[in-house]
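Number of protein chains: 2
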Amino acid sequence: MRTKEIKKSFKKTQSEIIKKLINLDTSCKIHDVIWKHKQGGGGKSCEIIGKKYIEKAAVNFSSITGQHLPVSALEKTGMKGLKSFNATGVSVIVHPWNPKIPCSHMNIRFFEASIGSKNVWWFGGGFDLTPYFIGKKDILFWKNAAKALCDRYNKSFYKEYSNTCNNYFYLPHRKEPRGIGGIFYDQLNRLDYTQCKDFSLECAEIFIDSYSTLFNKKKLLKFTKKERAFQLYRRGRYVEFNLLYDRGTLFGLQSGGRSESILMSMPPIVSWNKDYDFKHYENKLLKMFELARK
Amino acid sequence: MRTKEIKKSFKKTQSEIIKKLINLDTSCKIHDVIWKHKQGGGGKSCEIIGKKYIEKAAVNFSSITGQHLPVSALEKTGMKGLKSFNATGVSVIVHPWNPKIPCSHMNIRFFEASIGSKNVWWFGGGFDLTPYFIGKKDILFWKNAAKALCDRYNKSFYKEYSNTCNNYFYLPHRKEPRGIGGIFYDQLNRLDYTQCKDFSLECAEIFIDSYSTLFNKKKLLKFTKKERAFQLYRRGRYVEFNLLYDRGTLFGLQSGGRSESILMSMPPIVSWNKDYDFKHYENKLLKMFELARK
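Here the protein sequences come in this chain order: A and B.
In terms of the numbering used here, the first sequence has 9 at position 9, counting the first letter as 1, and numbering is strictly consecutive.
In terms of the numbering used here, the second sequence has 148 at position 148, counting the first letter as 1, and numbering is strictly consecutive.
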């Protein structure tokens with residue numbers, strides 16, 4: 001089983017991301033919870049609360065072992081006769097105080113299963129950016145970092161994975177993308193194992209480094225009460241996406257996962273009120289979202 | 001078609017509830033939106049924002065006409081060959097400022113369809129109470145009002161509808177009820193049409209009158225910052241229920257309904273942060289929820 005090695009690497013990824021987040025905001029306090037899953041395995045959830053820049057971040061590691069997967073998860077894979085599986089992953093979400101700093105999300109995951117005497121595995125992952133205020137330059141910077149990563153592995157990856165990301169992070173009931181995108185991939189095993197692993201580990205690295213760059217560039221920018229209110233209002237879309245569509249969230253909750261860890265991605269404070277007229281901000285933002293999809 | 005008469009009655013119900021809510025908080029401002037559904041029909045959404053007691057309330061009327069219903073909605077009814085339908089309803093939600101005042105929800109709905117030359121109809125509806133702080137007396141008051149209403153129509157209604165309410169307003173991922181319950185009924189046509197209609201109209205009346213009584217009893221109670229924070233935190237559960245489980249919300253969004261109206265039930269401001277240690281409040285509240293189910 002490759003899971004053992006992956007667990008070690010992913011745990012290292014988790015602690016490196018935590019370190020880098022704390023560098024962004026030295027006021028941060030960390031709250032760790034180690035938990036076990038009723039089916040087997042467990043994880044370490046890490047909540048980061050800062051006073052200056054990071055309002056709330058969550059960096060979670062989990063490694064779940066089980067005998068049965070919900071039919072829905074197996075449908076596409078033709079994995080009848082599955083004997084046992086392990087799903088290991090790291091997920092990250094950052095909700096900053098300053099509305100000029102975007103919110104961002106990343107996850108990487110490894111799936112391994114035995115079917116009879118056969119062993120199957122794949123990687124999945126990706127990252128996306130959900131800004132409240134953003135310009136073309138920053139969009140380009142974010143997209144280029146993702147493209148450079150992909151291109152080092154396979155010239156066709158970026159187009160495919162950035163499309164998957166755009167299609168996945170979309171709110172049909174609002175007819176709105178969740179943000180400016182990034183990359184999103186699943187069931188990756190078409191490169192050899194080591195390359196797939198390296199791609200996923202680099203995915204985490206590129207994410208935290210690009211995000212840190214944007215974060216530091218923005219963190220001292222001044223903001224108004226109205227801009228902060230707009231951030232809280234737009235966070236409502238984030239909640240809507242996570243509870244209505246996010247596969248990880250829904251799968252986690254339906255399969256009896258630890259709800260406190262799964263819902264750690266929820267924003268610290270959210271508003272569905274329009275305390276101000278946000279039309280101007282919203283039109284501008286949605287234009288940028290559209291531009292980012294081209 | 002009986003829909004015409006029901007539309008008139010339900011519109012009256014909507015405006016009476018609005019009047020009574022404004023009586024509870026004279027600082028309220030009303031924002032009306034009249035909208036059309038792309039398939040046919042439309043509605044009037046009414047958002048109420050107060051400065052003193054009602055942080056946000058929504059009283060929505062809608063009457064949708066269509067040719068097709070999602071398969072899921074027809075499954076239980078054996079309504080193959082459905083030609084056209086109308087669904088008319090009123091829904092109410094109140095989010096008060098003061099955490100000592102419970103949040104509450106009510107809806108009544110009428111469904112009518114032609115299948116070949118046959119006409120089918122039924123009523124549905126109910127109300128429930130989601131307090132943050134509550135005692136036995138108030139629970140008893142709320143339940144008794146619901147029971148008295150039911151008993152006037154059929155002695156078996158209360159037990160059945162209060163069970164349905166308990167089962168429906170439950171968050172499996174939290175292993176928690178949404179609140180102290182009330183009544184919830186669907187596909188009611190076992191009494192004659194007039195009685196079913198009267199029961200539904202009275203359901204709306206009993207709701208607003210009982211709720212107003214509790215509201216007035218509580219509205220001058222003092223509260224601390226910590227109590228208010230607990231309210232915002234518990235509102236997170238409300239959002240989780242509405243987006244993960246509420247059939248009305250999910251059906252509305254999936255069928256291309258007006259998302260601004262459907263999501264008007266979202267609390268004005270919500271927190272997933274535990275800024276304080278809420279254990280004491282939460283244990284007490286969950287005990288009351290349990291007591292209310294007995």
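There may be inaccurate statements among the hints.
[What the hints assert, rightly or not] Here are some of the chain B residues that sit facing chain A, going by a computed Cβ distance under 8 Å:
hint, residue
1, S27
2, I30
3, K56
4, T65
5, C196
6, G236
[Claimed, not checked] Have a look at the derived ranges for each label pair, beta carbon to beta carbon:
hint, chain 1, residue 1, chain 2, residue 2, range
7, B, A148, A, S27, 39 to 49 Å
8, B, Q187, A, L221, 49 to 59 Å
9, A, G135, B, D32, 31 to 41 Å
10, A, N23, B, D277, 25 to 35 Å
11, A, R2, B, D277, 38 to 48 Å
12, A, K287, B, D277, 38 to 48 Å
13, B, D198, A, K279, 19 to 29 Å
14, B, D198, A, R228, 42 to 52 Å
[What the hints assert, rightly or not] Here are the simulated EDC-like cross-link-like pairs (lysine to aspartate or glutamate), alpha carbons at most 16 Å apart as the crow flies:
hint, chain 1, residue 1, chain 2, residue 2
15, B, K19, B, E5
16, A, K279, B, D275
17, B, K274, A, D32
18, A, K274, B, D32
19, A, K226, A, D192
20, A, K274, B, D275
21, A, K51, B, D275
Since the hints were made in silico from the structure, they are not lab data.
We treat Cβ as the ideally placed atom computed from N, Cα and C, and that holds for glycine.
Hint check:
| no. | hint | in the structure |
| --- | --- | --- |
| 1 | S27 | 16 Å, violated |
| 2 | I30 | 15 Å, violated |
| 3 | K56 | 7 Å, holds |
| 4 | T65 | 21 Å, violated |
| 5 | C196 | 32 Å, violated |
| 6 | G236 | 7 Å, holds |
| 7 | B:A148 - A:S27: 39 to 49 Å | 56 Å, violated |
| 8 | B:Q187 - A:L221: 49 to 59 Å | 56 Å, holds |
| 9 | A:G135 - B:D32: 31 to 41 Å | 37 Å, holds |
| 10 | A:N23 - B:D277: 25 to 35 Å | 29 Å, holds |
| 11 | A:R2 - B:D277: 38 to 48 Å | 42 Å, holds |
| 12 | A:K287 - B:D277: 38 to 48 Å | 44 Å, holds |
| 13 | B:D198 - A:K279: 19 to 29 Å | 45 Å, violated |
| 14 | B:D198 - A:R228: 42 to 52 Å | 49 Å, holds |
| 15 | B:K19 - B:E5 | 22 Å, violated |
| 16 | A:K279 - B:D275 | 32 Å, violated |
| 17 | B:K274 - A:D32 | 15 Å, holds |
| 18 | A:K274 - B:D32 | 15 Å, holds |
| 19 | A:K226 - A:D192 | 50 Å, violated |
| 20 | A:K274 - B:D275 | 24 Å, violated |
| 21 | A:K51 - B:D275 | 12 Å, holds |
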